[in-house]
Amino acid sequence: MSALLVFIGACLFIVSGLMALTRNVARHLPAGIHVLGSLIGLIGCALGLRGTPETLALPWGIPAGEIAIRVDALSAFFAAPVFLLAGAATLYAEGYWPSSRPRAAYVRCFFGVLSGALALVLVANHTIFFLAAWEIVALASFFLVGTDTTDSAARYASWLYLAASHVAMLALFGVVTLMHSMTGTWRFALLASDAASRPEGRAIFWLVIVACGIKAGAMPFHIWLPSAHAAAPSHVSALMSGVVIKMGIYGLVRVLSLFPATPAWMGGTILALGIVSSVLGVAFALAQHDLKRLLAYHSIENIGIILIGLGAGLVGRAHGAMTIAFLAFAGGLLHVWNHGLFKALLFLGAGAAIHGTHTREIDRMGGLARRMPSVAAGFLLGAIAISGLPPLNGFISEWLVYLASFSSVGQLHAGWTWLLLVIIGPALALTGALAAACFIKAFGAVFLGVPRSADAASATNALAPMRLALLPLAGACIAIGLVPALVAPILALVVGDASGVSGSVTSTFAALQPITITLALLISVAIIALVARTRRAPYVPTWDCGYAVPSPRMQYTASSFARGLVAFFAWAMPPVVDKPRPFPLFPAGAHFETHVPDTVLDRTLLPVLRRTKWLFAFARYVQSGRVQLYLLYVGAALLALLIWSSR
Amino acid sequence: MIVVHLVFVLASAPLLLGVINKTKALVAGRVGPPLLQAYFDLAKLFRKESVLSSTTTWVFLAGPAVSLVVAVVASLFLPFTGPKAPLAFRGDMILFVYLFALGRFFTTAAALDTGSSFEGMGAARELTFACLAEPALFFGLLALARVGDSLELSTVLAVSGTAWRTATAALVLIVASWFIVLLVENSRVPFDDPNTHLELTMIHEVMVLDHGGPAFGVVLYASAVKLFVFAALVVHVLLPQLANPAANAAALFGAILVIGIVIGVIESGMARLRLVRVPQLLITASIVAAFAVVLVLR
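Chain order of the listed sequences is A and B.
All letters in the first sequence, in the order written, are residues 1 to 647 by the numbering used here.
All letters in the second sequence, in the order written, are residues 1 to 298 by the numbering used here.
Honestly, the hints are just simulated from the structure, not real lab data.
All of these numbers come straight from a predicted model, not from anything done at the bench.
Incorrect hints may have been included.
Unchecked claim - Derived DEER-like restraints, expressed as beta-carbon distance ranges: (1) B:D149 / A:G320: 34 to 40 angstroms; (2) B:G254 / A:P574: 37 to 43 angstroms; (3) B:V265 / A:E361: 55 to 61 angstroms.
Claimed, not checked - Derived contacts from chain A toward chain B, CB cut-off under 8 angstroms, selection only: (4) I67; (5) V422; (6) V450.
Said to hold, decoys possible - Stretches of chain B that chain A covers, calculated by requiring three or more beta carbons in the stretch to come under 8 angstroms of a beta carbon on chain A: (7) 33 to 40; (8) 184 to 195.
Think of the CB as a built atom: it goes at the ideal place given N, C-alpha and C, for glycine as much as any other residue.
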């Protein structure tokens, strides 16, 4: 039943998308069908999370292809947030991108196709079908990132995304082909027990790291992520950041779950990737002026935290320390859910702020908490959760990873990977503190204080569907944070599917749960008491040292707020400062500008490519851009293969 | 037990401020305010009316409220009155640190809620220093977790008190590092001067410039409890457990007051560090704590 329901849900997504292209369709019908698909899919995932895998196989006309669907706990676990987020984002889009707005049908169509194909990626049991769905996700995202065709930055972002996606695709082709040569089947099948020590097995590992690293946006493969997530419409960014990048994590977990055993260095590699992504991801986030780019860099940070969990789990398993491995896997995988929830909440909240103020610049917003209080509350909730603070869900998953790291100290001494396990604690602590600083900066500059521009001062509250869409996400963040015991049985099943490690966090959560609930209660009571006590207080201007003409521009800007920490990371991300000397003695004007370019993309990759592009000149002869010629290539390649195979 | 604990912490926390100020006064050759001055201040503030800034929202009041709640809840993970802490479970040491991070989140948000550039500046400094202090705390916790072979804060602190012979060097390093963290977390000299009167140079005081009346009382009370809890944390690393619970509690209380005297002497003896020097000292604290980890893993 679960496989069928998930398949129907995914198909309804695609149908709702295609329906938007036809004229004379009732205004809210595509969205209604989409939400219906979400509900059906969620029921399917809930059934799938009970632990008995179900399969569904339909014939497919493509040679060696088959629409094979398998919903086990791992697939259902990754698919559940897709259905929840896609439903919430659709609801949000009814207010954010109504059919009266230009390109509404275009956005609606690709959004439906994207969410449907994404659900299919996560439940595909046949590698060819998996690749096809993966490619559809990439193409639909490409079109959505480039929605605003008048914006050259959006066009550039979409092309960069397409290029990065296809590098990932190429690596994935390698993975699938190697797996086929090792197992003899196109379905996902367990590899031989010595697979990890064979050269093909090692090649699979490195290729899947590249493919899934690019897709998930792990540093240094993240080059496409910040610009793409910033350019896409906000509800699409919520979906891309919340669940599309998790496709990479899913691919990694799925492929690694096919290895009966993995050596410690594999886990160590993923762990190192995770530590780099989390610390540097949040450092780059701090340096951003664009609200959506800031959130995008936080996705890199959170992918890092997920990778830390998975890497530590693999290291623990390789050394036979199953309790540690279980805690780490559980933390990493729970963070997949948590990040999906709070990141979608943040992107939707940011979308409302951007919609209201017509700018993405943090330093041109301000004071929105008075104009859109419910959006501000949702964003604040997301900010607390993403900073990993109790009593919300972000803390729960990070806490499990901490537990794994702390338990491993002094126990796992073999090889070099123990050093990484020890560093997890301080690295996560630094990441958490930086994330909190970054979200205080973002929340403070966007929602608190006084408006910093005329647009911010005249912003109106978000429409009802947009506010309503925040509710399920915020509710889920609170529920997992306060009652983590809800997810304990799910985690046991999913970790079992992903790694074969069995264990339980029920007792761990049982000790924490009363305290998180008490903490939340006490905080609410204390705030309400203080608000009640000062209810009749008179309102006066903020203390400004007696200055006569206070202006909103006197507020501390977001850039100044982060300056100290950004300077601290200048070794990894040197800022570009444009500060011409005022001249002559009575200068007419002066300006000051600073931004932090991406070290991997802007400082490394692009300069190298610019110098070496003459090497690729020959490709122009092959890549003429004429469709007939490409058909000829395909035909020639098929013919050559035919001759080769009948040799 | 939990009630006795709470009464003890809530009642004695402001005394520590009195001890610090009395020490500073004595060193300077003044009579100084009475030991119980902080209690008088609190009583006065809670009776006063409040005035709010016209730019603020509920977040402004959430700052004081949350910082008091987290400090009190965090105190429950340390033994004060009995041999065991009221709350203890595997991994509570991480929650302990994160509780203060939650408090900091709301204090700084409340500061930004006023739209004042002074308060923004204070919040930025507070968060910058916190980012650098956090690794020091965690390296120390890692080392203690190894020494005490547990992830319960009260258990590892009980073990560390008796492990002085076996892990002397590591424990000294942890205490040194955590004492620096205590000073920065509680905005004491040399990181911040609680008695300064220039907005531009303050950190913690400037963040609460616009809080007045009961809200400011809560701020003051919360920072007193936080200082008391941090002092107890550092003291617990040193202090062996005594068999007699009353003697144990008395020894702990005495040692906390000694920390107050030490802070007072430091504040009398040195000026605030230049802002650019602060990160260097904090990184030193992290490295010192990292050495402790290396020593216990050896």
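Structure-based check of all given hints:
1. At about 19 angstroms, the beta-carbon gap between D149 of chain B and G320 of chain A misses the expected band of 34 to 40 angstroms.
2. Hint check: G254 of chain B to P574 of chain A, Cβ distance near 52 angstroms, so the stated range 37 to 43 angstroms is violated.
3. Range check, V265 of chain B to E361 of chain A: about 49 angstroms between beta-carbon atoms, so the 55 to 61 angstroms window is missed.
4. Annotation: interface hint on I67 of chain A violated; nearest CB of chain B at approximately 44 angstroms, more than 8 angstroms.
5. Against a cut-off of 8 angstroms between C-beta atoms, the interface hint on V422 of chain A holds, since the closest Cβ of chain B lies about 7 angstroms away.
6. Annotation: V450 of chain A was flagged as interfacial toward chain B, and the flag holds, the nearest CB pair being 5 angstroms apart, inside 8 angstroms.
7. Residues of the segment 33 to 40 of chain B with a Cβ under 8 angstroms from some Cβ of chain A number 0, which does not satisfy the need for three, so the listed coverage is violated.
8. Here the segment 184 to 195 of chain B counts 0 residues with a CB under 8 angstroms from a CB of chain A, which misses the bar of 3, and the coverage is violated.
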